Every structure is written in C-alpha cells, then in structure tokens.
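From first to last, the protein sequence lines are chains Y and F.
Numbers 1 to 457, taken from the working numbering, label the letters of the first sequence in order.
Numbers 1 to 409, taken from the working numbering, label the letters of the second sequence in order.
Because the hints were derived from the structure by calculation, they are not lab data.
All of these numbers come straight from a predicted model, not from anything done at the bench.
A few of these clues could be false.
Unchecked claim - With a cut-off of at most 20 Å between alpha-carbon atoms, the simulated DMTMM-like pairs for lysine to aspartate or glutamate come out as follows: (1) F/K137 <-> F/D76; (2) F/K288 <-> Y/D58; (3) F/K137 <-> F/D118; (4) F/K288 <-> Y/D56; (5) F/K288 <-> F/D325; (6) F/K137 <-> F/D112; (7) F/K288 <-> Y/D247; (8) F/K100 <-> F/D122.
What the hints assert, rightly or not - Chain Y side only, calculated, beta carbon under 7 Å to chain F, not exhaustive: (9) P71; (10) A72; (11) D73; (12) T75; (13) T82; (14) N83; (15) Y108; (16) T110.
Built from N, CA and C at the ideal position, the CB exists for glycine as well.
Chain by chain, the residues run as shown.
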Amino acid sequence: MTLMSDLHAPSRVIRAACLLAFLLLLRAGSVGAQTASTLFDDRVLHTLQIAIHSRDWDRLRITYLENDYYPADLTWNGIRVTNVGVRSRGRTSRSGVKPGLEIDFAHYSTGGQFLGLQALVLDNMLLDKSMIRERVAMAFLRRFGVPAPRESFATLFINGQYAGLYAMVEEVDSGFAQRALGDANGALFEYRWLRPYYGEYLGDDLDLYRPLFEPRAREYDSVFNLYDPIRELFRAINDTPAGSFRDAVGLRLDLAAMLRLVAADVLLAEADGIVSFAGMNNFYLHRHSTTQRHQFLPWDKDFALFQWNYQITDGTSQHALIRRALEDPELRSLYAGFLVEAVESATDAGWLEQEVQRAYEQIREAVLADPVKPYTNEEFEAEVAVVIDLARRRPAFVLSEVQRLFGGRESRTLRAQADPPRQVEGESRGRRPPLPQCRRCESRTTIDAPVQFEARQ
Amino acid sequence: MNSSNRARNVACAGAFIVTLAVPAGVLAQTTSEEQTTSKGTSTHDGEGGVFRMGNSPSLRLGNQVRIDLHARVQADVSLQEESGAAWGNRRIGVDGVLFKRVEFQIEREFSDVEPWRDVFADARVHRALRIRAGHFKVPFSMERTTSDFDLDFISRAAAVIDISPRRETGIMLHGRGPRRFFKYEFGVFRLAEPPLKPLVESGTDGAMLTAARFTFTPGTASIGVAFTESPLPEGLHGLSGHFDDDGLLSSEDFYVNGRRRRLGVEGRWTAGRLSIKGELLRQADSRKGESVSNSDLSDLIVDGGYLSGVWRIVGSPRRSRRAVDVAARFERLGFHSAAQSDAPSVGSRAEYIAPLRQDAWTFGGTWLVNRWVKVQVNAIRESFVDETRIRPEIPQARWRSLMRLQFAM
Numbered sequence: 001m002t003l004m005s006d007l008h009a010p011s012r013v014i015r016a017a018c019l020l021a022f023l024l025l026l027r028a029g030s031v032g033a034q035t036a037s038t039l040f041d042d043r044v045l046h047t048l049q050i051a052i053h054s055r056d057w058d059r060l061r062i063t064y065l066e067n068d069y070y071p072a073d074l075t076w077n078g079i080r081v082t083n084v085g086v087r088s089r090g091r092t093s094r095s096g097v098k099p100g101l102e103i104d105f106a107h108y109s110t111g112g113q114f115l116g117l118q119a120l121v122l123d124n125m126l127l128d129k130s131m132i133r134e135r136v137a138m139a140f141l142r143r144f145g146v147p148a149p150r151e152s153f154a155t156l157f158i159n160g161q162y163a164g165l166y167a168m169v170e171e172v173d174s175g176f177a178q179r180a181l182g183d184a185n186g187a188l189f190e191y192r193w194l195r196p197y198y199g200e201y202l203g204d205d206l207d208l209y210r211p212l213f214e215p216r217a218r219e220y221d222s223v224f225n226l227y228d229p230i231r232e233l234f235r236a237i238n239d240t241p242a243g244s245f246r247d248a249v250g251l252r253l254d255l256a257a258m259l260r261l262v263a264a265d266v267l268l269a270e271a272d273g274i275v276s277f278a279g280m281n282n283f284y285l286h287r288h289s290t291t292q293r294h295q296f297l298p299w300d301k302d303f304a305l306f307q308w309n310y311q312i313t314d315g316t317s318q319h320a321l322i323r324r325a326l327e328d329p330e331l332r333s334l335y336a337g338f339l340v341e342a343v344e345s346a347t348d349a350g351w352l353e354q355e356v357q358r359a360y361e362q363i364r365e366a367v368l369a370d371p372v373k374p375y376t377n378e379e380f381e382a383e384v385a386v387v388i389d390l391a392r393r394r395p396a397f398v399l400s401e402v403q404r405l406f407g408g409r410e411s412r413t414l415r416a417q418a419d420p421p422r423q424v425e426g427e428s429r430g431r432r433p434p435l436p437q438c439r440r441c442e443s444r445t446t447i448d449a450p451v452q453f454e455a456r457q
Numbered sequence: 001m002n003s004s005n006r007a008r009n010v011a012c013a014g015a016f017i018v019t020l021a022v023p024a025g026v027l028a029q030t031t032s033e034e035q036t037t038s039k040g041t042s043t044h045d046g047e048g049g050v051f052r053m054g055n056s057p058s059l060r061l062g063n064q065v066r067i068d069l070h071a072r073v074q075a076d077v078s079l080q081e082e083s084g085a086a087w088g089n090r091r092i093g094v095d096g097v098l099f100k101r102v103e104f105q106i107e108r109e110f111s112d113v114e115p116w117r118d119v120f121a122d123a124r125v126h127r128a129l130r131i132r133a134g135h136f137k138v139p140f141s142m143e144r145t146t147s148d149f150d151l152d153f154i155s156r157a158a159a160v161i162d163i164s165p166r167r168e169t170g171i172m173l174h175g176r177g178p179r180r181f182f183k184y185e186f187g188v189f190r191l192a193e194p195p196l197k198p199l200v201e202s203g204t205d206g207a208m209l210t211a212a213r214f215t216f217t218p219g220t221a222s223i224g225v226a227f228t229e230s231p232l233p234e235g236l237h238g239l240s241g242h243f244d245d246d247g248l249l250s251s252e253d254f255y256v257n258g259r260r261r262r263l264g265v266e267g268r269w270t271a272g273r274l275s276i277k278g279e280l281l282r283q284a285d286s287r288k289g290e291s292v293s294n295s296d297l298s299d300l301i302v303d304g305g306y307l308s309g310v311w312r313i314v315g316s317p318r319r320s321r322r323a324v325d326v327a328a329r330f331e332r333l334g335f336h337s338a339a340q341s342d343a344p345s346v347g348s349r350a351e352y353i354a355p356l357r358q359d360a361w362t363f364g365g366t367w368l369v370n371r372w373v374k375v376q377v378n379a380i381r382e383s384f385v386d387e388t389r390i391r392p393e394i395p396q397a398r399w400r401s402l403m404r405l406q407f408a409m
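The shape of chain F in the complex, shown without the other chains:
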C-alpha cells in the first residue's frame, strides 16, 4: 500500500465530510430556526397545499395527502486500495400517506442492476391488519430488513447477505399487537428469476416464495423467528459472493434441486447506551436426484449468524441527530452437507461436502455528523476455516478497513 495514496484518500474523504457537514449544519440550523419562528410554513402553495423544507422536501395537501422526497448518496472508500472512492447506493425516492390509510414508497437507484428498489403501497385496515403489495423486501432477517442507511456497520453480516432473500414482488399481511407486544408479517412472493445458476431455462418462472416472520417485544428486548420456503430449480449454488476475493471458491458450486427452506432466529436487547443484537440463519437446499447415480443427496446447508454490540458514547441513547457510536461484531458463515459420512469432498455431487466457514470480526465507529451526514469506519478481520484440510489453498487471515460517507435527505 502506497502511504501517500492512502493519505490522499483520507484527505479527500475528510474534505468531503467538511464540505457536506458545514453547509448541512448551517442549513439545519436555519431550517430549525424557520420552523421555530414560522411553525413550518416556509412555503405556501395555496388551496391548502403546503410545501415544507424540513429534513427533506415535503408536500402536504390538507390532511389527506403527504408526499416526502428523499435522496440518498453514499461513498465507500477502501483504506487499503488505491482505487479511491466507490460511489454506491445513489437513490432517490418519494414516500407518503394518502387519505391517512394508504402509505406508499417509490425508490429508484441509479444503477443498471435492479434499479427499482421499494415500490409498494401499504393499506391500513386496522392496527393489527395491514396489507402491503408491490416490490419490497421479503420479511426475513432483522438486519436484512433494516435500511442500508441505518446499519451499525458498513456491510451487513455475510450470513445475512447470503442467506436472506432479496426484494421480490408480492403481497403481505402484517400488523402489530397491543402496545407493540408482537408483530407479524406473512407474505407470498413471485420469484422473478432463479436464485442460482439454473440448468433449466424455465427456472423459477411463476414459482412462489412463502415467508413469515413473528417478532415479540417484551420490554426492552425483542426476539423473533422467520422462515421462508420456495421451490428450487435444478442448478448450481455456491457462496462465491463472499468467498471469491481470493478465488478460493470460484469453482465450488453444488448441484441443488427441490425446495429451499430458510429459518432465522433474531434477538435484540437495549439497555441505556448499550444495544446488543444477533441472528442465527440457516438455509437448507434439497438435492433431489443429484448424486452421481441420480439418487437423492443430503441437503446443502448454508448457515451462519452474527452477534454485535453498539455503545453510544456521544449523544442521546435514543434517536439523535448528532451522535458517536462504537461497535463490534462477530459473524460466521459456512456451508456443509447435512450428511457427514463418506469421504469429504468439494465435488459438486458429493454426499459429504467438506465444510468451510468464514469468520469475521468487525470493529467500527459511526459518527452522525448531523441529520443528513453519517460517517462510518470499520476494521474487519476475516479468516477461513477448512477443518477437513482438503482444499489446496486457504487464504491467510487478513485485515481490511473501510470508510463510508452517507448523505441522506
């Protein structure tokens, strides 16, 4: 690593923070003062229409319509590489409420890959029954259903990324119990495209994914359980999304066929400035007719989870516009077969798939500069464990560090 380039990256990042932070802070103050003096009537559009410039531009038509405009930009900087900042998650969107009963959200990302993010309407029949329809996150995993802009760390845990389903188009019933003691979500989704490398062109066309999630919140703790089930077309599944930085598993894919079942358990506990949360996730892919003799193989299991803790050292323990947090997380992601007899192998039709796992420690800090700007720094130590030692080369444990700058309006 060239130290001068690293210094240049850090300097550029610092300049970016200052550039965003100072005017934003001034704007924040001004807006705050305006709101104090004029009670939020900065712009009037007649006929009961009001345009407000609060945290974000907002249009209100009486009590019946509220439309808020959002824009979000974030940049990631690797502190090891010389490639500079990588701009990602440049999104713009609107959300609001129509007639006090229908919430909606439309969000688009400036990207060629899955540009439409959340596009849905959510109608409230009763506090305990709401109906959401459109394209949105499948209710599975606490961290997966948390916005990118509200995460404690720069990246979600590897198990969350790899095991959780992505956004799909579907319909979901959800609601809350009295005093928010419990919350449920139950939905059916149409799988847009195969979740893996398919062998059959028809893939999952028309296949449905069923998902359910129940969360209980006794006091300051919260525990939940979620599952999904969906058909799985014959194809190859691997974990290359996480393991191929070193080319380690680029060829390690396994034939699957049948059903895919996910199970997740989550928990969160908050006490003053301390917040602890964790999840255990497991995905089982059946392998019907996939042995070398066309018989069934035991399930391919991908499992993992994380445990993280966040300590707020500056700012209010609850929602705060300016705050500093420090956090640590341990996470694990691995795969293996349900059966562990026979000789271990990385063959794509092995009955006993040689287990491999990735462990990672992340230490980080989050600085909420103001209501619009957030800066995160993470140091990550990753290691790989091959207990059977049948793989030719396992990368050494390594450190890497990242910085993320976010601007959200």
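Just chain Y, with the same shape it has in the complex:
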C-alpha cells in the first residue's frame, strides 16, 4: 500500500500541476479576453479604481479649470494599468467637487493604450440630474446607425474611496474613426462653441475656421490642408444654387449621414446638438482620407431627452445647412423618412422606454450613494421620471409632427439610395417594423410651449 502510494505520488503532483496550470490559463484567458467592448458593455455597472497621489488629486480638484495631467494607476476588472495620465475635463460641466476626468493611456508613454484605447473619458454627468440621458442617447444613436461613442456606467473609487457614478465614454479619436468609420487616417476636428454659429460662410480667411474646428487627428498637417476643405464645405453650403445643392454639397459632406444624425437628435429632443438652440454644438467633424467627404459625429448628449414636446423644427430655419438641405425636395423627403425610422427604432419593442428603465435600475443604488453629486436623491428620482415620461410620449409626438409638417410622406427611393449606415462590429440595430404606421405611438397633436433655455455664458 505504501509502495502504491509512493508510486501514485508523482502522478498526483502532475495532476495538481495540470490543474493549477489549467486554472492559471483560465484566468489568463479571462483577462486576455477583455476588450473595449467588454469595457463599454452597458449591461454591466462597472467598477473603476484610480490610485493617484493625494496631493495630485487635491491639486486637480483645486485647479479643475486647467488641463494639467497627473500620473495615476487605473484598475478595471482586475487589470491594472500603471502610469496613465489623468486630467480634469469638460466645458460647462467642469467641477472641483466631482471633476470630469480624461484618462490618457499614451500621455506618459508613446503608443500606450488600454484595450486598444488611447484615452477614456469619465463623464461626471453634472448637468443631468437623471444621469441617464447621455448613456441612453448614445445607445439610441448607435442603434439607429449613427457612428457614436460607446458608453457604460462605472462607479469610480479614488484611492479606495467612492467618488461617485461616472459614465465611461469612448474618446472620439483616430481609433474611434477606424472602428466606426473604417478610416483611421482621416482628419478629425472637435467643434468648439465660441458663439452661436449656424453654418454660414465665414469668408476666405482660413483663420476664421481654425478656432471653431480644433484638430484631433493629423494635427501637424498644414493649415491649408486642414481647413481649406472646411472652408469650401461651408462655401458650398451657402453659395451653391438650390438646383445643384445636393450634388455640390454632397461631394463634401455625407448628407444622408448628416440627416440621419439630425433625425436621431430630433427623436431624442436634443437641444444642444448640431441643430441646437444656440447654433451648432457638440459634434466632431471627420473628413475621410480617400473620399474627402465630411461626416458629423455626435458628442455630449447631456441635454438630450429633455422635454417630450420639444419642437422638431427648432433651430432649423436659422441653420444654413439644415435649412438649405430641407429646401431640396429629395433631401427633405429623405429626412422625413429618417424621422419616421427613428420613431420606429425607438418604439420597436418599447426600446427607448425599456432602455431608460434599465439604465435607471442599473445605476439607482450607485447614484443614491454618490456622495458628491450636486443634487439630491429626490431631484434624481424626479428627473428620471421626466425622462421616462419623455420616452413614453416623445415618439408619438415626433410622428405626429412629421405627419403634420411632411404630410406623412417619405422617399423610399432616396432612402434606398442613401448610403446604408455602417454596421459596426458588436453592435446590433433594431429590427425595422413595417412602415409607415408606428403602432406603439400615441397620436398626440397637443403641443406645449417650447422649452426655454438660458443663454450660454
């Protein structure tokens, strides 16, 4: 017996070693399987840990209006990334109490990245008491075929202390352009709101366009190469005769993609997007490296889902691009079709309402425990109720407005000819039900007074 035990001892050791190796392999596999899609999986409330020197964190909060980077370590799902750069971010949402953060994985090391991302935005959602507008709006845009950043919620811990609920937002950069548009080499600009700008032609001087469009890729290209196509785009938008508008502008701008985005924004009652209450805002402009056509990309949806009866035509008459596009009968028809499609996408199996409800249930406990949110729990609950109400009523309102303004027509022909939205890997679009009637939408014709916004400072 003893002899047998001795003989079996090595085999037990081998078995144990194999088991250990298997477990290690399993763990390595699970870590290795993590991708950006996992990070942005909005079915999960993620946890982020940031280790940052206490003095740096204090300084970041004191000087939150500056863009100074501080070194930190980031941990997510057991993966620790050392020496990332952290800075305060945002425009009107900047805060020293609950700072919005940008995590730059390449700031201290060229080529540094995490799950293929060069940077990650942590949105403090300061301007949205419900904290779900941005995440739900971006999800809808992607569902509707608009190239939009991926987002998910995360509870953030700074040096082990709960620092509140944040939205993890995919940075719009060349990596995003590659994933969403299949073109990492194009020029990319972030629009800077400086004053109400409605897309009018500013003149020949390229310096007039530079402050508005800040390069985020190909930064070292010449000013002419960067801005001449933008100048010519706005020249064409404003100066091209009506009869050739679609062809002339269509050479420089993906008009169908633009109208699809505007239609989605209308469905989302987005008051601060490309067609906002104070000029264009919250978008990136991408120029494809081969076709040289521009495309608008959405950003920052804190003001989406704001009021269920927000007028679908607000801002369009002032907006040079939208006004002229809608003067073209075929583009107008295409736009009407996109509006109807947006309604269908939002109401398909009650998607919008369910998404709002799901997001709320996912973050509720985290929001209630958030020690630095600038509003009370009661305000949070009340604002969520507003969003839920909007999710129920907005599609019907939009559909009724479309029928009223566009006569219920849509151009199937043009929609068929328009570039189909790019199907992005890992994202599924909603099933398109039969047209034209939206069965789930209530037919409402009552229109409340349009929402009033304070002027931007």
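Got chain Y sorted already, so can you dock chain F onto it with the hints?
Okay, now just chain F, sitting in the frame of chain Y:
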C-alpha cells in the same frame, strides 16, 4: 544659415581678436620691459605702499597687505546663429593676502542672476589646515571647481553642470599633505534656496549641505573622490537645463522628496604635452512617499561624466602665456530610476523612469594669444538615446559650433 551673416560674425570676431591682441601684446611687452628695468617699481605711493601694473593692477603695503584687481570679460559667438555675440561672464574682482595668513577674494558679475560670485576669506592655520568662510564653490567635481577662464573647452561637461552643486554660503576646512601628496576639503553649507521646483514654500530654508572631497596626487597623476549630502524638499526635478533646446523634456519632471546624495570620482594624468582627465558623477534623489499610492519610489538617478584629452601643440607644456592646444572630449549625461521593473514611463511618479541620455563629442582648439587674451573654438556633436523608445520625438544628432573670446586681467 545665411553664409554672409556667418562670414560677418567671423569677421567681427577676428577684428575683436586683433583689437584686443595687438595693444595687449604691446602693453605686455612694455610692462615686461619696465619690470626688467625697474624691478616692478613703476608707481610708488609713499609710506611703503606700492602700486604695480603687472598682469593686473596690484597694491602692496609692505609685506603685510597685497590687493590685486581683476577684470574678466568673455563673449560667446554661435557660428550657426545670426544673433551675434552674446556677452557673458563680465566680472570684476579683487583678491589678496592680509598679514600673510588671510587670503580673500571678492568677485562680482555684471548680471542680475547671482551677481556675487566668490566672496570669502581663507585663513591659514597650518599648511595642513586652512579655514575658508563665505560664499564660494562647494568642493565637488574637478571641473566645477575650475574657473570659467581656465577651462579646456567653452562649456563644462553637461554632467558637471547639472550634477554639481553651485556656490553656497558656508565654512570649509581644507589643507594639503606633505609634497601635496593629498588634499582634502570638508565643508558645511547653508542652502540658499531650493535646488528644484519646490512644492512647499518653506523649501530648504535653513537646510545644510555637507560636502567632502579628497584628492591624491601620486606623481603626475591625480585621483579624487567627492560626495555631498543634503535634504531635498518635495518638488519636481528634471534636466530641462540641458535637454530643452528642442523642447524635448520640457514636461519631464519627476517628484522627489527626502535626501540628495552626490558622488564623484575624478582623475587626471599629465605626460609632457598630453593631459588626460575625466570624471564620473552620480546624483541620487530619494522619492519618499511619491508613488501614486503615497508609498516610496526608487531613487531618481542622474549620472554621467566625461573623458577629455588636451595636446599642447605650441608653447611650453607647463603654464605658458602663449600657446595653442587642441582637445577632444566625450561626455554623457542621463537619468533613470534605480528600479527598472514595471513598465517604463516618463510619468512624474513612475517607479521605472524610462532612461534617457545625451551623448556629446566636443572637438576644440584654444589659442592663448597672450597673458590676457584667449580664443576658443569648439565643434560639438550631440545625440540623444531613448532605449525604451517611448518618447514621441527624439531630436536627430546634430552639430553645433561655438567660439569664445576672453579677456582677463
């Protein structure tokens, strides 16, 4: 580079040399003749006071007091740039001996930055024990303690400039052994202001730096070792003084906190017309509580050195008023962390700081026109090495050339 501007710079420089050299040479001859004929009694001030005009104006009161006046001017000309000559190191000073036992020196530079240079008194108790007090160079590095006007090259080696401490106020014991076989210097200095960008306003107020240097001179060779230690306030330290010509490291600073320790080894060997010298210098800054989790990080190391050789092709191998030297130097300066685990980074709190170094070759010539005028020309090739390749842009290796004109009296 505009060739006509370069030619104009060179022509201006040539004219300057001639302007200084010819009268100086005549004056030198005249003075020499006067000294030969009158044994240095060119001016008499009565009551035993003598004013002499030798290498420099000098006042002597019997055997008890000697005061010499010095004036020094130098101009640097970049042979690539069109900015013309940059006047630097315009200094005036006096030194002398009082009562045969107390030497003193007072030197002021016409500059807003650290205008007072050496201001000290040095009392001789014994050949083996002297006491120096005042504001003077901390005894560290052979080249750092050599006067600007006696250097073999236009600039000191980058490692010497960056690692060596500057002048401080303190007291130092020093002396020599029999036949100058050894020499020692030991001093304590009060740090006037933080040596880096401080985070705390109090900085190094009242902090003391301790320095020691021992030099042994067996025959024609000389070897030495030196160290310093001082407290280091929490702050940012970088090498921007050397690396920022191209903006390369303007943002690369690292948090340090605790103690700063320097160690230097030096050597010199002279054989006829050939002189070879070199130094290895190392500075270690501790980083206590500076990690992202407030724990200690490994030391930030700045190290480097140089090896140079000088060949006297014209003039006496020893001190000579007229001579021509050619020289070459290889130098290196770099930084890294003591620990080299984890992922390399240039983050200011990185455990493993990605190493970066600067190598430079300098080839030069020195022409001692006469006892007052010196002309130096240097061609320098600098290159940067980032072994980890994590920095976005490393400048290409480059050549630059400089000319320096000195007038010292």
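Each hint tested on the structure:
1. For the given pair, F/K137 sits about 23 Å from F/D76 by alpha-carbon distance, which is inconsistent with the 20 Å threshold.
2. A threshold of 20 Å between alpha carbons decides the hint, and for F/K288 with Y/D58 the separation of about 19 Å falls inside it, so the pair holds.
3. Pair hint F/K137 plus F/D118 holds up; C-alpha atoms about 8 Å apart against a cutoff of 20 Å.
4. In summary, the hint linking F/K288 to Y/D56 is supported, as the alpha carbons are separated by about 15 Å, within the 20 Å threshold.
5. Annotation: proposed proximity of F/K288 to F/D325 is violated, straight-line Cα distance about 48 Å (limit 20 Å).
6. Note on F/K137 and F/D112: the hinted pairing holds, with a Cα-Cα distance of about 19 Å set against a maximum of 20 Å.
7. Taking the CA atoms of F/K288 and Y/D247, the gap is about 66 Å. The hint is violated against a cut of 20 Å.
8. Distance restraint check for F/K100 and F/D122: the Cα-Cα separation of roughly 11 Å lies within the 20 Å cut-off, and the hinted pair is therefore satisfied.
9. Interface restraint check: Y/P71 against chain F, minimum CB-CB distance 4 Å, threshold 7 Å, status holds.
10. Annotation: interface hint on Y/A72 holds; nearest CB of chain F at approximately 5 Å, less than 7 Å.
11. Taking 7 Å as the C-beta cut-off, the interface hint given for Y/D73 holds, the closest approach to chain F being about 5 Å.
12. Violation of the interface hint for Y/T75 is found here, the shortest Cβ-Cβ separation to chain F being roughly 11 Å, above the 7 Å cut-off.
13. Interface restraint check for Y/T82: the shortest CB-CB distance to chain F comes to about 6 Å, inside 7 Å, so the restraint holds.
14. Contact between Y/N83 and chain F, as hinted, is supported at the beta carbon level, the nearest pair being about 4 Å apart and thus within 7 Å.
15. Against a cut-off of 7 Å between C-beta atoms, the interface hint on Y/Y108 holds, since the closest Cβ of chain F lies about 4 Å away.
16. Taking 7 Å as the C-beta cut-off, the interface hint given for Y/T110 holds, the closest approach to chain F being about 5 Å.
Checked against the numbered hints given earlier, the structure breaks hints 1, 5, 7, 12 and satisfies all the rest.
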